[in-house]
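The listed protein sequences correspond, in order, to chains A and B.
Those letters in the first sequence? Residues 1 to 159, per the working numbering, in order.
Those letters in the second sequence? Residues 1 to 159, per the working numbering, in order.
Incorrect hints may appear among the rest.
Each pair may be met inside one copy or between any two copies, as identical chains are not told apart.
[Claimed, not checked] Below, a list of computed lysine to aspartate or glutamate pairs in the DMTMM-like style, where the Cα atoms sit at most 25 Å apart:
1. K98 <-> E39
2. K158 <-> E135
3. K114 <-> E68
4. K60 <-> D115
5. K139 <-> E31
6. K62 <-> E110
7. K133 <-> E108
No lab work stands behind these hints: they were computed from the structure.
Note that the structure is a prediction, hence the values are computed from the model and not measured.
There are 2 protein chains.
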Amino acid sequence: MSVLKKSVLAITVSAGLMSSMVALAQPASSEKHAIYATELRQSVFKLLGSNMGPLGAMAKGKIPVNAEVVEKNAVRINQLSLMIADYTRTDTSKFSVKTEALAKIWQEGEHFAKDIDKLTLASTKLISAAKSKDEGAIKKAIGGVGKTCGGCHDHFKKD
Amino acid sequence: MSVLKKSVLAITVSAGLMSSMVALAQPASSEKHAIYATELRQSVFKLLGSNMGPLGAMAKGKIPVNAEVVEKNAVRINQLSLMIADYTRTDTSKFSVKTEALAKIWQEGEHFAKDIDKLTLASTKLISAAKSKDEGAIKKAIGGVGKTCGGCHDHFKKD
C-alpha cells in the first residue's frame, strides 16, 4: 500500500472517530509515512505560529492593536486548533524525523488533548474579545492564548 | 528589522486590507523572508492536499464515501481556501527558494484570486452536499473541488 493511501485511510478512519484521540494514536507505518505525517503536523503549527506572531506583538505594544486582525487570526487559530488532534495522531517517535515534538505527545495523550482544548477555548475567548474592540480585553485574551501555547510547548516540545 | 517582525507587519497590514489581493502582492525583502513565506505558503497547500486526498479516493470509489469525513474535510478546505490569499501575498519569485509555485501567481493576481474564489465556492458546495448525505451529490461536489485544484495547478504550479 502506498504511503499516500495509508495516510488517506488513517485520516479517514480517525476523522470518523473524533474526540477519542488517546485510543487512536497510532505509530507511523514507515519512515516515509513518518516524514509525511511530520510535515503535515508541522504545517499546522507553523500556521498557528504565524497567526500568533502579530498577536504577541500587539499584546506587547510593539505594533498597534488592530481588532479586525485579531479577530481574523483568532478565528484561524481556533480553526487550526481543531485540526491538531488529527494531525498529531500519527506517532512518529520511533523514526528519526527532524522534529521538536516530544514522544510524550503519544505517551500522554489525555494531557495533550486537554492542552489542545485549552487553545480552542482561549482562541474562542479571543474572538469574543476582538469583537468587543476593547483593547484591554483583547490584550488579556491574547495573553490567554499565549499561555496555552507556552504551557503545551513546555511539556511537549523540545527546548 | 527581523524577518519575523517584517512578516508580522506584512500579515498585519495585509489582514487589515482584505479582498484587494492584487495590489498587495509584495516582494520578499530577503532570502530568509522568502524562505519563511514559502514554508507558510506550502503549509497551507500541504494541509489542503491532505484534506483532499481522502475525498479523491472516495470519489474514485477506492474507499467508501463517509459523509461525516467529507463534511469535516470540506470545512477545512473551505477554511484553508480563505487563508490562501494572505499566505501567497509575498512574492518569492526573485529568490531561489525550493517551490513549485510559478511567478505567474504574482504576475496574474486577478486570475489567481478568481481561482481561489472557485475553491472557496466549490468547498462550500461540498459542505452542503455532505450534509445531504446523498452519495451521488457528494461525489459530484468532490469532483467540483478537484476541478478547481487542478485548474489552478495547471496554470500556477510547476508540472
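Verification of the supplied hints:
With identical chains, the CA atoms of K98 and E39 are at most 25 Å apart both within one copy (10 Å) and between copies (15 Å). Taking CA atoms no more than 25 Å apart as the test, K158 paired with E135 passes in neither setting, with 33 Å inside one copy and 45 Å between copies. Proximity of K114 to E68 under the C-alpha cut-off of 25 Å is restricted to the inter-copy arrangement: shortest distance 24 Å between copies versus 29 Å within a copy. Taking the shortest Cα distances, K60 and D115 sit within 25 Å of each other inside one copy (24 Å), while across copies they are farther apart (37 Å).
Taking CA atoms no more than 25 Å apart as the test, K139 paired with E31 passes in neither setting, with 42 Å inside one copy and 32 Å between copies. Neither within a single protomer nor between protomers do K62 and E110 lie at most 25 Å apart by alpha-carbon distance, with minima of 36 Å and 33 Å respectively. In this assembly of identical chains, K133 and E108 lie within 25 Å of each other by CA distance neither inside one copy nor across copies; the values are 38 Å within and 36 Å between.
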